[in-house]
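Trainee: Here the protein sequences line up with chains A and B, keeping their order. Just so we're aligned: 152 in this note's numbering is position 152 of the first sequence, and the numbers increase by one with no gaps anywhere. Converting from the second sequence to this note's numbering requires adding 257 to each position, the first position being numbered 1.
Do not rely on the hints blindly, as some may be mistaken.
[Claimed, not checked] Derived contacts from chain B toward chain A, CB cut-off under 7 Å, selection only:
| id | residue |
| --- | --- |
| 1 | D284 |
| 2 | P395 |
| 3 | I397 |
| 4 | H409 |
| 5 | R411 |
| 6 | T413 |
| 7 | L417 |
| 8 | L463 |
| 9 | A484 |
| 10 | Y486 |
| 11 | A490 |
| 12 | E495 |
| 13 | A499 |
Please keep in mind that the hints were generated in silico from the structure rather than gathered at the bench. The C-beta atom is built at its ideal place from N, Cα and C for all residues, glycine as well.
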Amino acid sequence: MPEFIKVERSGAVATVVLNRPEVMNAWHSPMRVEITQTMRRLNGEPNVMAIVLTGAGDKAFCAGQDLNETKTFDADRAAEWIEEWRRMYGAIRALDKPLIAALNGVAAGSAFQVALLTDVRIGHPGVRMGQPEINSGIASTLGPWLMREMLGLSRTVELTLSGRMMDAAECHAIGLIHRIVPAPEVMAAALATAGELAAKPPVAMRLNKRRFREITEAGFNDALEAGIRIQKESYASGEPQRWMERFLAERAKRRTA
Amino acid sequence: MTGLLVDREDGIALATFNRPAALNALDTATRLAMTEALAGLAADASVLALVVTGAGERGYCAGQDIRESAALGQADGARWMESWRTYFAAVASFPKPIVHAINGVAAGAGFETVLMGDIRLAAPHARLIMAEVDIGLPAIVGGFLLKTHLGHSRMTELVLTGRPIAADEARQIGIVHEIVPASELLSAARKRARNLADKPPVALRLTLGELRAGFRRGLSEATTAAARYQSEAIATGEPQRAMAEFFARRRGGATATERLDA
Numbered sequence: 001m002p003e004f005i006k007v008e009r010s011g012a013v014a015t016v017v018l019n020r021p022e023v024m025n026a027w028h029s030p031m032r033v034e035i036t037q038t039m040r041r042l043n044g045e046p047n048v049m050a051i052v053l054t055g056a057g058d059k060a061f062c063a064g065q066d067l068n069e070t071k072t073f074d075a076d077r078a079a080e081w082i083e084e085w086r087r088m089y090g091a092i093r094a095l096d097k098p099l100i101a102a103l104n105g106v107a108a109g110s111a112f113q114v115a116l117l118t119d120v121r122i123g124h125p126g127v128r129m130g131q132p133e134i135n136s137g138i139a140s141t142l143g144p145w146l147m148r149e150m151l152g153l154s155r156t157v158e159l160t161l162s163g164r165m166m167d168a169a170e171c172h173a174i175g176l177i178h179r180i181v182p183a184p185e186v187m188a189a190a191l192a193t194a195g196e197l198a199a200k201p202p203v204a205m206r207l208n209k210r211r212f213r214e215i216t217e218a219g220f221n222d223a224l225e226a227g228i229r230i231q232k233e234s235y236a237s238g239e240p241q242r243w244m245e246r247f248l249a250e251r252a253k254r255r256t257a
Numbered sequence: 258m259t260g261l262l263v264d265r266e267d268g269i270a271l272a273t274f275n276r277p278a279a280l281n282a283l284d285t286a287t288r289l290a291m292t293e294a295l296a297g298l299a300a301d302a303s304v305l306a307l308v309v310t311g312a313g314e315r316g317y318c319a320g321q322d323i324r325e326s327a328a329l330g331q332a333d334g335a336r337w338m339e340s341w342r343t344y345f346a347a348v349a350s351f352p353k354p355i356v357h358a359i360n361g362v363a364a365g366a367g368f369e370t371v372l373m374g375d376i377r378l379a380a381p382h383a384r385l386i387m388a389e390v391d392i393g394l395p396a397i398v399g400g401f402l403l404k405t406h407l408g409h410s411r412m413t414e415l416v417l418t419g420r421p422i423a424a425d426e427a428r429q430i431g432i433v434h435e436i437v438p439a440s441e442l443l444s445a446a447r448k449r450a451r452n453l454a455d456k457p458p459v460a461l462r463l464t465l466g467e468l469r470a471g472f473r474r475g476l477s478e479a480t481t482a483a484a485r486y487q488s489e490a491i492a493t494g495e496p497q498r499a500m501a502e503f504f505a506r507r508r509g510g511a512t513a514t515e516r517l518d519a
């Protein structure tokens, strides 16, 4: 049984719930392994025709990387970290079945990226998404690759360098969130869309999904290779570790204040 | 009676898909007629720009003729795609500006034809639909065109759901440039074509040439992939089944256009 996620079933639709609400569903290595294995298993289950991905609680879809893990990294661990993303993102990209994001709250950093790896994104007016890596001293390669596929270079550069979070209205206006519904209805809307996609002719669905993978494969591999190179250099400088310590200390101070 | 009407007036050519009872669906004869017409208009020095529209008030072009494609055998996929490749190549190589007057539903290959043009005007009731998935076919060329215009996120959602895009959404996301009342659509399109026809001809030719060449590179990869993907889909029998169900849902007698028109 997975410890950090929950898997639920409703007819032909499986729901994967990111389940560490005490840390805004942030992920670390063991949770990434669970997600990777679960996506592979669901892809092979003949009765599952669509998957919904969401977060536990009402604050966060997922805060992204658990900084308590990365603050201890050295250059070699940072390179291995990219391999973990390759496996998890690869398992999501390999899905022959549609994946719907039910955005129940904030999606930051790698969670923003995973949201962008889903096929249809449904959120509520309070959702915020973005790529704040720069603010904790982490260089970005996978985020800019995904954003450029969707938004073009102009918006990608501004979002990557500022690290600012976008609100739901902006995400919808630029095409990153496909539908906005009131917060209590996000899950129902996502399940309805998943049900609709689960009923599509499965061969055409599988071939469309394979084609999406095919047209983005070169960029994905390039971003991973660049990621290994850049994260090694970044972590060897000691900067990300220092900035994450500072970020975590400030957050702890805010919470006790 | 031909499925395509072509006339010329004052340097502007007008091509009208003319099978209104079938929402101007592109059967083989119409596709061939359009391919030939484009070659003729490209070579005709008196023609400076082209307007494309559909006959009637309901449809611009419903895309492939589903009755025709439903009758395809399992070995027909590659040959069928080759005839589409010829049609799309003719559109993508047309050396003069193309203005689309979208007077109603533009679906599938009709939507793709529209996305290969330069300026798109639409009537308020027009709808754009890429619902290949609902008849069991992967949308490879459609996916390329939508991604080029809209980016990966919007393309993915549209291709997988097959949902219609209303004219106002199309205007908002940028694939329709202007919404014009139906009664003024054709004259507005002619005005746009006239405006383009009056541009300095060398600059226009070179600009369009470069745009079309860049487009053709991506399109060529997509049509090659499409032949492979469509053959694989058709070999499973799924599209034929999905289309048969599609007709069965229409109680056997009605045409596919009813759904597009709903």
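Trainee: If a hint holds in the structure, say so; if it doesn't, say that too.
Mentor: Here is what the structure says about each hint:
1. D284: Violated, because the Cβ-Cβ distance from B/D284 to chain A comes to roughly 22 Å (cut-off 7 Å).
2. P395: Check passed: Cβ of B/P395 comes within 4 Å of chain A, closer than 7 Å.
3. I397: holds, 6 Å
4. H409: Interface hint status for B/H409: holds (4 Å vs cutoff 7 Å).
5. R411: Since chain A brings a Cβ to about 4 Å from B/R411, closer than 7 Å, the hint holds.
6. T413: Given a least distance of 5 Å, the restraint on B/T413 holds.
7. L417: Since the shortest Cβ distance to chain A is 6 Å, the answer is holds.
8. L463: Hint on B/L463: violated, closest Cβ of chain A at ~24 Å, above 7 Å.
9. A484: With Cβ-Cβ at 13 Å, over 7 Å, it is violated.
10. Y486: holds, 5 Å
11. A490: holds, 5 Å
12. E495: holds, 4 Å
13. A499: OK, holds: B/A499 within 7 Å of chain A, min 5 Å.
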